[in-house]
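Colleague: Sequence:
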Amino acid sequence: MSEKPRTPLTTVDTIIEISSGGIVLVERKNPPHGWALPGGFVDYGESLEIAAVREAKEETCLDITLVEQFYTYSDPQRDPRHHTASTVYLAIADGVPQGDDDAQDAKVFIENELPSPIVFDHSKILADYFRFKKTGKRPKP
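Residue numbering for the sequence shown follows my numbering, beginning at 11 and increasing consecutively.
Incorrect hints may appear among the rest.
In silico EDC-like cross-links for lysine to aspartate or glutamate, where the CA-CA straight-line distance does not exceed 20 Å [as the list claims (entries may be wrong)]:
| # | residue 1 | residue 2 |
| --- | --- | --- |
| 1 | K143 | E68 |
| 2 | K150 | E78 |
| 3 | K147 | D53 |
| 4 | K134 | E123 |
| 5 | K67 | D115 |
| 6 | K117 | D131 |
| 7 | K150 | D110 |
| 8 | K143 | D110 |
| 9 | K39 | D115 |
| 10 | K39 | D110 |
For each label pair, taking beta carbons as the anchor points, the in silico distance ranges come out as [claimed, not checked]:
| # | residue 1 | residue 2 | range |
| --- | --- | --- | --- |
| 11 | P15 | T145 | 20 to 30 Å |
| 12 | T17 | I120 | 34 to 44 Å |
| 13 | K144 | S29 | 44 to 54 Å |
| 14 | K147 | T75 | 20 to 30 Å |
Since the hints were derived computationally from the structure, they do not count as laboratory data.
Glycine included, each C-beta is placed from N, C-alpha and C at the ideal position.
Let's have the full structure, built from the sequences with the hints guiding it.
Modeller: Right under this line is the structure:
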């Protein structure tokens, strides 16, 4: 009997820019513990865009508007639990985030005051995002 092929799990993450300034990060309830971009697994039958909006709402209680797809991160080591490929979106929102679902907290941060620890590869994603905001240059494979 041949082994069933394995494929990476599909995820989404969203960099939510708040109209009053800053971006939203969530403090995770579950391991790995730390701060992360709002996001999660794409459900079967769900588009990446719908998953990004759903996950953001579940974790931050914010209604977001997707602005654009930023980049897809797929390093097999990006998540210590599984091999995942995450498409990252840029979005905007108004209001004050509140942690919900599997986020114990959600707060707004600015670039030079980010919390610690930031889990997964989200420090790299955030560095790429802040570089993009300053230079217009997207990450390269």
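Colleague: Run every hint past the structure and note whether it holds.
Modeller: These are the hints, each one checked on the structure:
A hinted pair counts as satisfied when its Cα atoms are at most 20 Å apart, and K143 with E68 does not qualify at roughly 26 Å. Simply put, K150 and E78 have alpha-carbon atoms about 17 Å apart, close enough for the 20 Å limit, and the pair holds. Proximity of K147 to D53 is assessed by CA-CA distance (about 31 Å); at most 20 Å being required, the pair is judged violated. A threshold of 20 Å between alpha carbons decides the hint, and for K134 with E123 the separation of about 16 Å falls inside it, so the pair holds.
For a cut-off of 20 Å, the pair hint linking K67 to D115 stands: about 13 Å separates their Cα positions. For the suggested pair K117 and D131, the alpha carbons sit about 19 Å apart, so the restraint of at most 20 Å is met. About 33 Å separates the Cα atoms of K150 and D110, which puts this hinted pair outside 20 Å; it is violated. Annotation: proposed proximity of K143 to D110 is violated, straight-line Cα distance about 28 Å (limit 20 Å).
For the hint pairing K39 with D115, the CA-to-CA distance comes to about 8 Å; that is within 20 Å, so the pair holds. Between K39 and D110 the CA atoms are separated by roughly 10 Å; this keeps the pair inside 20 Å, and the hint holds. A hinted range of 20 to 30 Å for the beta carbons of P15 and T145 is inconsistent with their spacing of about 39 Å. One distance hint, 34 to 44 Å for the beta-carbon pair T17 and I120, holds here, with the actual separation near 37 Å.
Between K144 and S29 the Cβ separation comes to about 20 Å, which falls outside the hinted range of 44 to 54 Å. Taking 20 to 30 Å as the suggested C-beta distance range, the pair K147 and T75 conforms, at roughly 24 Å.
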